[in-house]
Amino acid sequence: MTTTNEDRVNTPAAPTSAPGRRDRRADDVLAIQRSARKGGTGSVLRWLSGRTGARIRLVGADGAILATGDAEPGDTGTQPPDQGRTGPARRAAHALRSRALGTLTLDEEGVTAVAVTLSGAAADRTAPVLTAVATAPAVEGLALLLADAAPALALCRREERTATRLRRVEIAESRNREAVLHLLMNGHVSTARQIADVLGPVLPDVLRFHVVATPPRIKNPLARRCAEILPEAWVVPCPVYDDHILVLVPADPDAPAAHPSPFATAVTAATDECLVGVSDAVPVRDTAVGYAQAFHALVDARTRTQRWAAFTHRPDPALVTDAVVRRWAGQLLQPLRAHLPQRPQDPDGAELAVTAHAWLAFSSGASSLLKIHRNTLAARLHRIEELLGLDLDRLADQSRLALALRTEAGPATDIGTGPGTGTGPGTGVDAPDVPSLDELLARPAMVDWAQGLLAPLDAAPDAARTVDVWLRHDARLTPTAGELTISVTAVRKRLARAEELLGRSLLRPPSQRHELWLAVRTLDLAEGGGTHPPIHMADGSGRTAGEPC
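Residue numbers (this note's numbering): 2 to 550.
If you are wondering where the hints come from, they were derived from the structure by calculation, not from laboratory data.
A portion of the hints provided could be inaccurate.
Stated by the list, open to error - Taking lysine-lysine pairs in the DSSO-like style, the calculated list, with each CA pair at most 30 Å apart, reads:
id, residue 1, residue 2
1, Lys372, Lys220
2, Lys220, Lys39
3, Lys39, Lys372
Given only the sequences and the hints, what does the whole structure look like? Please build it.
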């Protein structure tokens, strides 16, 4: 039997006074409002379930169960219930829509099902339907209670849908900004500018990269605050580290390197829970250099009362060497750059180079940066090893590849146009012999760079010794601890001390381990030694013997 008039349910089985019913209804309405403010749709449905003892369901236009009132504690109330218990609710919702009614009560086999449209318009067949299924006789005023709850539920669902859309927009914008930064880090400035012009603000020609380290729980609010502090800055939540925010701030190219950063000062004043590393002023094409500088500056920021620090500039090998190193890098990377995939779905040489750069900088975090599976990352690295004849388990070969990629991406300075500067076919001049990396490292400019980089370690012999052993063991902590006969924790503490002295990150990628290996190797060669193994070519399999990372 189906009853379509609301009076049937509203008439109490055990009459009570009219003032008592009005007071109870007012209390129910207030409780519904409190539940809506407390937890939205799920909270209201659970309150209705507890108030009536009925099974509460929210049924969509297609008959799907959108939410329930019988979720377990801690659940959101949006999981579909057991299908065998939803038959009366679905049938009541279907009958309500097919008859274009606002409220309907359905009695069948000792069960009462009440349905109320959420929109309040009887003719709206697309609106969700709120249903209650109870053992007959139903609680007094069940239909009226559902009708009172319907407007609050409609408002909750509208707000939840709006919040979901806003989150999707924020995620899409964050991914777009992340893509622009990824393009900049890989030297695709023109494409990055085209996208940035649509998103805004315009990318600066010269920038100071800022890395803001903050607890993950306040990362998103602080990112929004950063955009408010400096609207013309480019703010990107870091895709690799949950506690980093990346900010590209327009810079004055004529400002000195030690010039204070108003943005860093404002951010640290806004919250006591952040550190800021600041790079030198770099052209937008050198965004990757700026990021590395700002990342390493965080080490100094840990010891500063102002909680931010600028990068202490020391030229790296890619900047203190000349065209000979660029020819060496070009020769090393030529098989990679010339690589054409056999299958359309396989990465080409350019994509493999991007993968190599990301892995050298972020290690296993490269899969998050590149949005690829870790197995895909491993397969690409194996292909790179095959093409270049390297063993990327070895720190020596990692350092070789890192220097080549950085040199190739660096400014093309000191490349003359006279005889002996050609680099291959089509130049009209035979390419000169390319020296080995050991020969390049033995050059006076490299020796000066290495001495300047490692000099701070003289103040802590234990840290210097630990760094030396750590490098010889391919930056692995366990074998380092074994040789030094100390714990892994002690190794970490000594390396942390070395970080403070060098002003560079060692334990967390992007690490300074590649530059340190090159520096130590340079001084070994200058002293006529050879403590650290030379960079070698792998065997025909593309790998050499060695402990896996």
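A quick look at each hint next to the structure:
no.	hint	verdict
1	Lys372 to Lys220	20 Å, holds
2	Lys220 to Lys39	24 Å, holds
3	Lys39 to Lys372	36 Å, violated
Violation of the numbered hints given earlier is confined to hint 3; every other hint is satisfied by the structure.
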